[in-house]
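Enquirer: Chains as they are written, first to last, in the numbering used here: chain B, 1 to 140; chain S, 141 to 220.
Some clues are possibly wrong.
[What the hints assert, rightly or not] Going by beta-carbon spacing under 8 Å, a handful of chain B positions derived as facing chain S: (1) I92; (2) V94; (3) R103; (4) K118.
[Said to hold, decoys possible] Which residues of chain B face chain S? A few of them, derived with a C-beta cut under 10 Å, are: (5) E111; (6) F112; (7) V121.
None of these hints come from the bench; they were simulated from the model. For glycine and all other residues, C-beta sits at the position ideal for the given N, C-alpha and C.
What follows is the residue order along each chain.
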Amino acid sequence: MSNTSIKITSEKLNLDKCYEFVADDSCGGIVAFIGTVRNSTQKKEVIQLEFSTYKPMAIKEMQKIADQAISKFEIMKIAVHHAEGILYVGDIPVIIVVSAPHRKAAFKACEFAIDTLKETVPIWKKEHFSDGEIWVNAHP
Amino acid sequence: MNLKVLFFGVATDLIGAKSISFSISPNTTVSEFKILIQEKYPQLSQINSYAIAVNENYANDQMVLKNNDVVAIIPPVSGG
Chain B
1 MSNTSIKITS EKLNLDKCYE FVADDSCGGI VAFIGTVRNS TQKKEVIQLE FSTYKPMAIK
61 EMQKIADQAI SKFEIMKIAV HHAEGILYVG DIPVIIVVSA PHRKAAFKAC EFAIDTLKET
121 VPIWKKEHFS DGEIWVNAHP
Chain S
141 MNLKVLFFGV ATDLIGAKSI SFSISPNTTV SEFKILIQEK YPQLSQINSY AIAVNENYAN
201 DQMVLKNNDV VAIIPPVSGG
């Protein structure tokens, strides 16, 4: 059975499913990172975010991150799930959950996974404000 | 030779298309392709920087493109 669960979906992300996937009797701890949509960026009120993906490549890159996390850290299982489409304030764009025999490896692997996802996975976020919209990180 | 070129994020908005077909001569490298695509679409220079993926994998500048490759323009990513 696979030790990784990778998903991109336009449905609501499910923390329980991620938790159930990684739970394992050999593990002493589970660490979760849950990304949430903030209500403002640089003092401007955010109304909604729009996530677009290069889905087949994004899935591959997320799989690489999960595989690297397992080879670099002493963890048992990892779930990396990301949302696509329109999300509103308080919604959840990303969930990463890691189980490990000992907690330190789980914390490290979880941080590695979210940091790397933000650098390499081809997913783009457009912020919609009351007076316009902008692709995040796109312009100098 | 023909490539399928995909645009994502801000690049889709700048070009006004999600994909195009693009002709190149044999033995064109990724770095040469970047110059050619930017000549055809100067608006790409408005993007901070972009990476190139070939057939769903990040490609380096020296990589030589092949007929029917799928080449994606990857603006700075902002997932998470």
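Enquirer: Hint by hint, which ones does the structure fall short of?
Expert: 1, 3, 5 and 6
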